[in-house]
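Participant: If you want the building blocks of each chain, they are given just below.
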Amino acid sequence: MSTTETILSDEIREAIRAIFSRYPTRQAVTLPALHLVQERLGYVPLQAVVEIAELLELAPAQVQDTLSFYGFFEQDKPLGRARMWVCRSLSCAGRGGEGLLDYLCEKLEIRPGETTPDGRITLEFAECLGACDHAPAILVNDTLHKNMTEEKIDQLLNTLK
Amino acid sequence: MATILIDQREVEIPDEPRLNAIEAARLAGIEIPHYCWHPGLSVAGSCRMCLIETGTRDPKTGDVSLMPKLVPACNTPAVDGVVIVTNSEKVQHARAMVEERLLLNHPIDCPICDKAGECLLQDYHFEYGEDERRADIRPFTSRRRDVGDTVTLFVDRCIQCSRCIRFTREITGTSELMLINRGSHGEIDVMPDFPLQNNLSGNVVDLCPVGALGDKEFLYRQRVWFMQRHPGICTGCATGCSIWIEENQDRIHRLKPRENAEVNEWWICNEGRYGYPHVHNDSRLWEPRRREGGSVVPLDWTTLPAQLDERLRGAGRLAAVLSPHLTVEEAYLLCQYIRQLDGKAPLILGPVPVVGEDERFPGGFTISAEKCPNRRGVEQVIAHFAGRVTTLDEFLPELAAGEIRGMWISGGYKTDWIDAPTAERFGSLELLVVQDLFASPLSERAEYELPGAAFAERDGSYVNRGDRLQSARWAIRPPGSVRTEGSVFWELLGRKGLYSARAVLDEVAREVSYFNAAAGPIPEVGIDMKVNLLA
Amino acid sequence: MSNYEPVLLANITKEQSHTRAVYEAGGGYRTLRKTLKEKSPKQVIETVRDANLRGRGGAGFPTGLKWSFLPEDHPGPVYFCVNADESEPATICNRVQMELDPHQVLEGTILSCYATRAATAYIYLRYEYPLSYRRMQAAIDECYAAGYLGKNILGSEFSLDITIHRGAAAYICGEETGLIESIEGRRAWPRIKPPFPAVEGLFRKPTVVNNVETVACVKQILDRGVDWFKSIGTPPDPANPRDPGSYGPKLFGISGHVNRPGCYEAPLGITCRELIEEFGGGVWKDRKAKAVVPGGLSTGLLTADELDTKMDFTGPGLVGCLGLGTGCAVVMDETYSMIDYLHNSCRFFAHESCGQCTPCREGTEWALQMMERIKAGRGRLKDLDLLLEISATIGIIPGTTICGLADGAAWPIKNSIDKFRDEFEDYIKKTNPQGYSETEPVMAVEEALSGTAI
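Residue numbers (my numbering), protein chains in the order written: chain P, 1 to 161; chain R, 1 to 535; chain A, 1 to 454.
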């Protein structure tokens, strides 16, 4: 046995194995496993992909193929503590969503898809958050922020550590 | 039989195997262009190049009604009564549309692309595309990416047909290749540290309909239109794959699989594909020579056969070693000749090289551990003449007994096949004739050292691991003063005219019951010799 | 419409509406008990078919018919998937249901599984709905505790397990075979059909995929009966023997430039104007509506003159739109630029094209490049015809792509240029009067040979 360090802890592996019984194939656990790893590690580096593939009895390329399709999983470095999804779809755009995205880019000095150097915020555009009744909307991790304005963004940023 | 109507022509097609519209149209001589579909892979239906119109015909009135929807021919079963239209304006528009879309982000770097000349994107665009670009010209990228030992990827030439990916998932089961990203940003890639590395990897280059996947070995060696291709049989192992030998002026530049549903389907292994450089190796034996005392004298083929015949007749008891690289015809002629001189001459099967174990892939392809093409064929010929097959190991004690005074040994191996101590055991012979590709400890002891021909230079037949006999003609002429084994034996036997493998095979089929089925013309897929064994 | 009493949304105004206690207090799971006792699966399918229930996810395919495609006496397993991907832009109603009335969704799911004999169901839930996820998961846990899920539900022979499968931000997962591929762990490339999911679906087994709102309707039909369902909505067009009609209540969304954006329940067949005025509270800032997306971005556009279009399965199609879609409308007021609208739409579809079929993958990207250029003031009049041609080849001409979602990329282009061509032409003439482009295509072959090109 090689002594190469693994990136997935025994606890994460156990959590992935616990999902197996819910699906008739191992490959079907791909998305749940990727979500689980991204939630725990903040990202899914290539080494994690290799280890997930091993658990699911797949080739690493099969997992990476699926992963890269979704554009949801970060691979280079951990996401910011807050992942901010700014909706740019029609309903939000018509009520200023695109302006808010520009505002955040300027204010945080990053572009969509990037993370502030202090690791506080990852900024993303969303194609539609399904919150058109509260447009413009911003999803921060698990919390939806409704009817956003620049002032409300300023307040929100103050609460994000 | 099912009857279908293709472009207003009635075509009869067999019920089995079930064909799709592309295959059925091909039977009718109509080509439906396609990129992603390949008969050896699952149906993707994504390139949309094979869009056609389909419908039904009223059996009473004969009126045809077409569906408004275009459908991909690859996923349209050619069932009885179906109407297929491949030449309507609607279909032609769809093809021109797909061509235009595929070229939007293609670098169009044909002058430096290996695929030029055999590229479907080129051919289809010429045939079905528009002559004007309507899209904005944008700066394009032309990135090259290493994906494995034998294959390189020109990322931006890819049209995302996914054939290569499906191949690694369905045929090799190795799944090294993947598509990354989504939409028009999709690219073929491999995981770092997990390169495309399997023994069938070279096939993805053949599968690639465009110049995205390049064969590192072939890259920039030849423009494809300078090469001629000849049907051949791979002699790398006992599987006996059907191949195309592609050469220019007697120099092989590429071997590719030749479709054979009975043997290799559409594939060949890397060992076979890249297994020809020995043919052009400068150290090949290239002229007949004789050793006299300490010196080596070049000989002339015009007088040599008579000289050999005379020496063999005078040598006393004879024996012959037949390489499993010989063709059926050559083995037959050699046995016939030696037995003609000595009716009891032992006929010995040369060493059968075995490396490791058979490698079987999920898609069904097998690379044989037995690294020679014709053990079965040569064994059957020997058995016919001698009643039983003697191996070299079994024969060596007999050789030591000293009764045998003259031997003819055929080699033809790509690599070292006999070591010095074994070769030494042939030292007491009065006459040793060795016919081989390369010098060996044995050929260095031979009084007559004759150059042998390589596989691509021979006419003849091989019997593979599945008792299937396949025939091929020569593809290139032998170098220097090399003569093929068959022509030498032909002349030794005093036969008239040029060597004819076909004439010999006719004789073999008549004389040897195992080969009875080879009496008629040999189809491209070969003939199963077992059919007679059952009867 | 003010006299219409909501059914699907009846529960959501209550405190703690997402809990089992509140749901049951309002009669929840009564239908499940009754149905398991009194009806065979076959009878449930017949009831749903008799009600002419049509799928609420966008395509409007008759649900009972879809179920009847399942092979009879299949040794199993059969899978049931709830499509809760709700990725169509401007669509919100599934979210409202899952957040505020998850038990109605679950009761409908359990009943649908009973009808289709599925013992395993997956709810494909988009990742952008974290609250829906928490509420649905909590509701599932409550159901297991109450014996509504698990082995031998309520003492019957029927067993069912439900798993929530979370998506990862890809529009295409709303396509039923893309959804299936996504659950199986691959890129969500829609499958080529045939075979259809009812024959070979999830894990290559017979599968039904139904929308959240559809299964909620199943619950209501079994509770209130076929006659009740058919008393609501638009009956079939007698002139069209294949029209199953547009029966039942529907959840409508209204957003964009209106005073009261939200999710509302109304009978199928209300007009778009009623939706805007009575539910949406009218166009904001006392402005007029210039254009309205009838049912999710992919359905195209209604002009101000077409607002009396009936919001049912046939209405939007009669004025050149793709269809009713999800029934979630977006209003654009008179100040909103159609160039911005089309740019927004093209950007969405280029980003979300799954990339499998050449026409959609390359066509959506080409359309976006052109719209970016037009928006930036370098448009040419001939671009408009080119855009229309691109749209024709990714959906208007049937069959050019594997899935129907490419159609959705086509209709916004077609409707906006057809219906607002003057605005596009004026914009191009104003911003690029010389017709200049630094990316002029190469000259045509004839021009090159004759030397007439510049």
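Just so you know, these hints were derived from the structure itself, not from any lab.
Incorrect hints may appear among the rest.
For the chain P half of the interface with chain R, some residues (derived, Cβ under 7 angstroms), not all of them [said to hold, decoys possible]:
(1) Asp10
(2) Pro60
(3) Gln62
(4) Ser68
(5) Thr116
(6) Pro117
(7) Gly119
Once the Cα atoms are required to be at most 25 angstroms apart in a straight line, the calculated BS3-like pairs of lysine-lysine come out as [said to hold, decoys possible]:
(8) A/Lys382 with R/Lys69
(9) R/Lys90 with A/Lys285
(10) A/Lys151 with A/Lys34
(11) P/Lys146 with A/Lys193
(12) R/Lys90 with A/Lys42
(13) P/Lys146 with A/Lys151
This one's a predicted model, so the numbers in the text were calculated from it and none came from an experiment.
Positions of the beta carbon are idealized from the N, C-alpha and C atoms, including for glycine.
Participant: Of all the hints given earlier, name the ones this structure violates by number, lowest first.
Facilitator: 1, 5, 6, 7, 8, 9, 11, 12 and 13
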